[in-house]
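2 protein chains.
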Amino acid sequence: MASGPGFSDEKNDTLCESESTVYVHNPHLDGMKDDFLYHFNLGTSTHNLPAMFGDVKFVCVGGSPWRMKSFIEYIAGELSLEDPKAEYPNICAGTDRYAMYKIGPVLSVSHGIGIPSIAIMLHELIKLLYHARCTDVTIIRIGTSGGLGLEPGTVVVTKQSVDATFLPRLEQVILGNTVVRSTDLHQGLAEELLQCSKDLGQFETVIGNTMCTMDFYEGQARLDGAFCSYTEKDKQDYLTKAYESGVRNIEMESSVFAAMCQLSGLKGAVVCATLLDRQKGDQLSSSHEVLHSYQQRPQILVGHLIKKMLQASASSKS
Amino acid sequence: MASGPGFSDEKNDTLCESESTVYVHNPHLDGMKDDFLYHFNLGTSTHNLPAMFGDVKFVCVGGSPWRMKSFIEYIAGELSLEDPKAEYPNICAGTDRYAMYKIGPVLSVSHGIGIPSIAIMLHELIKLLYHARCTDVTIIRIGTSGGLGLEPGTVVVTKQSVDATFLPRLEQVILGNTVVRSTDLHQGLAEELLQCSKDLGQFETVIGNTMCTMDFYEGQARLDGAFCSYTEKDKQDYLTKAYESGVRNIEMESSVFAAMCQLSGLKGAVVCATLLDRQKGDQLSSSHEVLHSYQQRPQILVGHLIKKMLQASASSKS
Numbered sequence: 001m002a003s004g005p006g007f008s009d010e011k012n013d014t015l016c017e018s019e020s021t022v023y024v025h026n027p028h029l030d031g032m033k034d035d036f037l038y039h040f041n042l043g044t045s046t047h048n049l050p051a052m053f054g055d056v057k058f059v060c061v062g063g064s065p066w067r068m069k070s071f072i073e074y075i076a077g078e079l080s081l082e083d084p085k086a087e088y089p090n091i092c093a094g095t096d097r098y099a100m101y102k103i104g105p106v107l108s109v110s111h112g113i114g115i116p117s118i119a120i121m122l123h124e125l126i127k128l129l130y131h132a133r134c135t136d137v138t139i140i141r142i143g144t145s146g147g148l149g150l151e152p153g154t155v156v157v158t159k160q161s162v163d164a165t166f167l168p169r170l171e172q173v174i175l176g177n178t179v180v181r182s183t184d185l186h187q188g189l190a191e192e193l194l195q196c197s198k199d200l201g202q203f204e205t206v207i208g209n210t211m212c213t214m215d216f217y218e219g220q221a222r223l224d225g226a227f228c229s230y231t232e233k234d235k236q237d238y239l240t241k242a243y244e245s246g247v248r249n250i251e252m253e254s255s256v257f258a259a260m261c262q263l264s265g266l267k268g269a270v271v272c273a274t275l276l277d278r279q280k281g282d283q284l285s286s287s288h289e290v291l292h293s294y295q296q297r298p299q300i301l302v303g304h305l306i307k308k309m310l311q312a313s314a315s316s317k318s
Numbered sequence: 001m002a003s004g005p006g007f008s009d010e011k012n013d014t015l016c017e018s019e020s021t022v023y024v025h026n027p028h029l030d031g032m033k034d035d036f037l038y039h040f041n042l043g044t045s046t047h048n049l050p051a052m053f054g055d056v057k058f059v060c061v062g063g064s065p066w067r068m069k070s071f072i073e074y075i076a077g078e079l080s081l082e083d084p085k086a087e088y089p090n091i092c093a094g095t096d097r098y099a100m101y102k103i104g105p106v107l108s109v110s111h112g113i114g115i116p117s118i119a120i121m122l123h124e125l126i127k128l129l130y131h132a133r134c135t136d137v138t139i140i141r142i143g144t145s146g147g148l149g150l151e152p153g154t155v156v157v158t159k160q161s162v163d164a165t166f167l168p169r170l171e172q173v174i175l176g177n178t179v180v181r182s183t184d185l186h187q188g189l190a191e192e193l194l195q196c197s198k199d200l201g202q203f204e205t206v207i208g209n210t211m212c213t214m215d216f217y218e219g220q221a222r223l224d225g226a227f228c229s230y231t232e233k234d235k236q237d238y239l240t241k242a243y244e245s246g247v248r249n250i251e252m253e254s255s256v257f258a259a260m261c262q263l264s265g266l267k268g269a270v271v272c273a274t275l276l277d278r279q280k281g282d283q284l285s286s287s288h289e290v291l292h293s294y295q296q297r298p299q300i301l302v303g304h305l306i307k308k309m310l311q312a313s314a315s316s317k318s
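Taken in sequence, the protein lines are chains B and Y. Position one of the first sequence corresponds to residue 1 (full-length UniProt numbering), numbered consecutively onward. Position one of the second sequence corresponds to residue 1 (full-length UniProt numbering), numbered consecutively onward.
Please keep in mind that the hints were generated in silico from the structure rather than gathered at the bench. Beta carbons are placed, not taken as given, at the ideal position from N, Cα and C, and that holds for glycine.
If you only want the chain B side, here are some residues facing chain Y, beta carbon under 7 Å, derived: (1) 24; (2) 25; (3) 112; (4) 123; (5) 175; (6) 176; (7) 214; (8) 216; (9) 221; (10) 223; (11) 225; (12) 226; (13) 283.
Derived pair list, reagent style DSS-like, types lysine-lysine, alpha-carbon separation capped at 25 Å: (14) B:235 x Y:33; (15) Y:308 x Y:57; (16) B:233 x Y:33.
Make a model of the complete structure from these sequences and hints.
What follows is the structure in structure tokens.
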């Protein structure tokens, strides 16, 4: 698998025959006697991370622990790797902060809600992949979102993650100073996902910008929070501006996900189902069954991509 | 129980004989046919919220669902309300986003990690208390944190929640515009909690400012994240400045908790155990048992306060 621009490192390319390594960027780590990944309850002195995770090639992350368990069951069936009715143990069973499951080269991890929650998980995941000496890892967030100008159930693959002013950036405060990080995602991977949707022909998928907000209610112009100081017209004007700038869906994790993929050299994509059209309402009115079927769509799309990439990798080696 | 300044409403004081109502501030809510609290999987058309929650006087919230279940078991024993070995069902069992438990007048709810995660929970909790017509509700966050200049295990009751530049404010983006909200907490309640610690004489408790950050690693000047672009000296200089400004602990939820308490008229406090002294390290080196005993301390303190307030309320009525 060729690495896209910005996702390779000359030194490691030479050492590892073009395999792209997952990078931490922290000179302090090598001086640490051991590294305890607190929120995973895993550590370098208590676990053999290369043996447990060295073969990981795909990481799928999503907010809900239940959904990430159901994903590993689904992918096990898709890859014919195990009896799909088998039980998959939670690798992070010693903590209730995040849940983690693995089958073959696929790791599935929950990240909770919002930028701070997913950022902690990604810091520890990137260190885990580094300690395990993983190479050529692709990471995909599968989530749910509110849509803009799309039929509910449409899947959006993120081109750029933008903030609440529609700019493709993440402002992060380090030692009290604001640092701005880029939130572009891997275009080649996004296009491969779009092609997968065409292969499948089961549901609509589009590539568009994703607005990432710090709040679900006031931050997404909802009228149904505990507090609301604006009118229906203010809301519609804001969502129209978002649509005109290229935003097709709204969620709460993509910006820091994109920024940390760029920094670490992970090839990353964000694939979210839209559960409703926010220009038509704020609350979910579809039935439980319909919503459940929408939530399955990113899993189906990413399952197809993983199968296709593993087949391509196997045939290039044979 | 008398309401403190800023926590009463003239109209409701008259109607409810000095009882202080929980307020939403949203003119759109009354026009809604029903209100579905999506992340709790509870709604006004599917649940009798006044019957289920109308007697709630105390809400305790914390990041971990396990800890909030253990709190309800603990408080049930403390208040002699039920067999402490009984099973307490998760009221939000239909979702894995948040967990909720109740015993008598005490509600215990998990909120996940970070400002966005707790903000969603608080929006829906405030609406729940409003729909249930609760009055005189006290809400306390019981959590864990990194300490500054304190012996590990010390409990900090927050005076003000400050941001990463040590200012008592929360910047929130609404319709693309930044709104600044105050993060003061209820001083009388903080002092009552300090008095409870003196009554108990089991562990050290201080009142101080709490720094609330958006990130656990770079945002808290840790040297052990996946990325770190500063030195040990930069870290120490920053933490020293934080200490000098009055910060005694660092966590990730207090600012929006304080802001939403102020906006809704909930009497709020933040009570966190410090698990380590951040000026001496970043990773937790204490044993599992020691850390567990530190985590119990906010529960013990808040359990004592609830018992004391219920006894005072009973004797004032008799």
